[in-house]
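> Here's the letter readout for the chains.
2 protein chains.
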Amino acid sequence: MAEELIGNCLVAQSGGPTAVINASVAGVVSEALNHPCIEEIYGGMNGVLGILKEELIDLAEESQQNIRGLRHTPASALGTCRFKLKRDQDYERILEVFEAHNIRYFFYAGGNDSQDTADKISKLAQKKDYALRVIGVPKTIDNDLVTTDHCPGYGSVVKYICSVVKETALDHEAMGQHDLVSIIEVMGRNAGWIAAGATLAKGRENPHDAPHLIYLPELSFSKEKFVEDVQGVLKKNKYCLVVVGEGLLDKDGNYVANSASSQDAFGHQQLGGVGDYLASLVEENLAVKARSSKLGTGQRAAAHCSSQTDNDEAFMAGQAAVKAAVDGETDKMVILVRSEGENYQCETGLADLSEIANGVKEIPPEWISEDGVSMSAKFIKYCQPLIQGEVEVPYENGVPSFVRLSRKRIRKVLDPHEFE
Amino acid sequence: MAEELIGNCLVAQSGGPTAVINASVAGVVSEALNHPCIEEIYGGMNGVLGILKEELIDLAEESQQNIRGLRHTPASALGTCRFKLKRDQDYERILEVFEAHNIRYFFYAGGNDSQDTADKISKLAQKKDYALRVIGVPKTIDNDLVTTDHCPGYGSVVKYICSVVKETALDHEAMGQHDLVSIIEVMGRNAGWIAAGATLAKGRENPHDAPHLIYLPELSFSKEKFVEDVQGVLKKNKYCLVVVGEGLLDKDGNYVANSASSQDAFGHQQLGGVGDYLASLVEENLAVKARSSKLGTGQRAAAHCSSQTDNDEAFMAGQAAVKAAVDGETDKMVILVRSEGENYQCETGLADLSEIANGVKEIPPEWISEDGVSMSAKFIKYCQPLIQGEVEVPYENGVPSFVRLSRKRIRKVLDPHEFE
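Chain order of the listed sequences is X and G. Take the first sequence: its position 28, counted from the start at 1, is 28 in this note's numbering, and no numbers get skipped. Take the second sequence: its position 212, counted from the start at 1, is 1212 in this note's numbering, and no numbers get skipped.
Take these hints with a grain of salt, some might be off.
[Unchecked claim] One-sided and incomplete, this derived list gives chain X residues near chain G with beta-carbon spacing under 8 Å:
hint: 1; residue: Ala-2
hint: 2; residue: Ser-76
hint: 3; residue: Ser-163
hint: 4; residue: Val-164
hint: 5; residue: Ser-182
hint: 6; residue: Ala-201
hint: 7; residue: Gly-296
hint: 8; residue: Ala-301
hint: 9; residue: Ser-307
hint: 10; residue: Gly-328
hint: 11; residue: Ser-374
hint: 12; residue: Ser-376
hint: 13; residue: Ala-377
hint: 14; residue: Val-399
Rather than coming from a laboratory, the hints here were simulated on the basis of the structure. Each residue gets a CB set at the ideal place from its N, CA and C atoms; glycine is no exception.
Between the sequences and the hints, there should be enough to build the whole structure, so can you do that?
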């Protein structure tokens, strides 16, 4: 048994929101209530940014309904940030805030950049001999964290995209007999997991079901092959539905379509427009009509069509983070571990934060079919279980009803922190 | 009582699909079974185009499950077309096909162009003394048919868009404190009903809820005012969510954003890109980041988030069409009539096809607030009831499960028709 560490806990969220990251917070809060060593349950507003500003709220003050409502509320109920801690004094400030509020447990839900931040906070606490247990909670629609089988948030975005693809395909199928090329642009900066997931919209029975072509950042894009691929589909089918990940790269590793916008705080390029670009390629090279749609931010927040499996796992990951910390673990991230065997089962495990930080998990090459535009049975076997089950979202007045935390602030005790 | 007309009935679908046009077909089939004067129940493939080609299917042969499944299956199960009948010989061919298959009842679900076609078929039958009863079934997400209170298909697209807007707004709200302008482009060629409906995503309690700005084709667009509007929102709110109808017009009546593509068969311009255009205006004129998304075809087929009220009314309109025809009515379209009184109730009525054909119902000016970018209480009172209730769509393997008709073909008895 680890030494009992008595004190307060803090949970915060970082990076792009998902449909289920709040379910992880609900998991943390529910589990924290079970452990007397955890005295107060705080939430940090807007990730590390709010912690720097000492903006903490009292999650134990939230109503039961609010915490339960987090299970179906998308986005980040605590607010999020893309702020990158760069200076030593910022890391030191974090610890100063922790010390001022006797925070001994820190749970950070986020992607690889966030786990990197958590790792550095943990290392600094060790160096300064401040007793702190830091456990990361995996979160990203991109599904690109290493060591975990998959990431909470991924199954839900795939489920929504598959529903949209299937409905769009039915619409195209119903339209007359004209050739039509339809491009759906989905998120996915460095890895094509999201675009790949769209393959689950295909029925098992009909090989001609949409999506007909899937373009992934994992394979360098060739205009000539794209035009040939589309022509090939239109020979067999009256329409061609293409799903493309926003981060498509050319053979030199440059984004195929660059929006005018600049980079985000982590130096990632802001993307957009690859769907329109592919549509223009079709219209220029083939005498057929092309349309594009871009699901935008809504796709990662689509609780109204989210996966119960994903939601359950997000909640479980939050719970597991608390259990691990209470058991004495630190500097780890909860990972999802798929059990061996025919039937899908998922448990949690732990991996070192340093292993996760800044790694990117790409789709294994053998999960992409040889044609480069469809997914192999291995991928389907991997992804299919993740989108099972439908989260029941309550509706009020015809629209989904989500909770807003009451956000009772913890009184600040420190002087303001100076930002760059 | 009208004279009993014994013979077969034919139902067909035309124009852009919706989430509930198949519910209208289910209504026609269910009701037709109740009337012995209707002998066979046929479906015409791809609207008038399939009728010209004598492509008919036997709907009575479909399983009960299939007909029931049409209630939640989006798009057009019979196929649809945007083919415009122009030549006298085409109209005559339609009657020839009707005569060959003893079709005495024709139900055509579609928008104003389709009702115009139905009207002309009906008039020709009268002129040629061929006993035929023609009843139109209203259908359009655009909600722009005259005489009917609203159109089946509209409530569902609004419900889906409101859900996406609400979820997107939560996501933006969760993101740090940067100014962000987010544009969601929705359908709506000649009238802004769809964009206007997005106002229902606002909560009653918070006037700062999204959408903050709504741009409608009804009001001519001014770049300068747009930039000012956005600035005004960003003074009060950290992000600005804009909903814009694709058919936005400038002061000279030209589309604000024109895609490269040409016109459709009815001479309507193919639209797209107004969202990207507004985003570029923001980035050029204000030092803030702008994103746009375009829901595309999927929005009109989004059965997974469709309105039960809309679905029930679509079914009811199908039933009412059959009842009216059996009662001796012809050359009419079913309309939806809202009862007086505080609680929403909707009945069906009839209007002359010639009244509907090619008319366009715009939003009454007094339903748009004086600021030109929000909707008045009158609009909300009108629209709110239409999105109530959630259609329960069955899921299979994590994705919505829709029916495909078995489409048993009726044997052709005529020579092929020569097309232009």
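> Take the hints in turn and mark each one as holding or not.
Cross-check of the supplied hints:
no.	hint	in the structure
1	Ala-2	violated, 34 Å
2	Ser-76	holds, 4 Å
3	Ser-163	holds, 5 Å
4	Val-164	holds, 4 Å
5	Ser-182	holds, 7 Å
6	Ala-201	holds, 6 Å
7	Gly-296	holds, 2 Å
8	Ala-301	holds, 4 Å
9	Ser-307	holds, 7 Å
10	Gly-328	violated, 32 Å
11	Ser-374	violated, 17 Å
12	Ser-376	violated, 18 Å
13	Ala-377	violated, 14 Å
14	Val-399	holds, 5 Å
In this structure, the hints that do not hold are numbers 1, 10, 11, 12, 13, in rising order.
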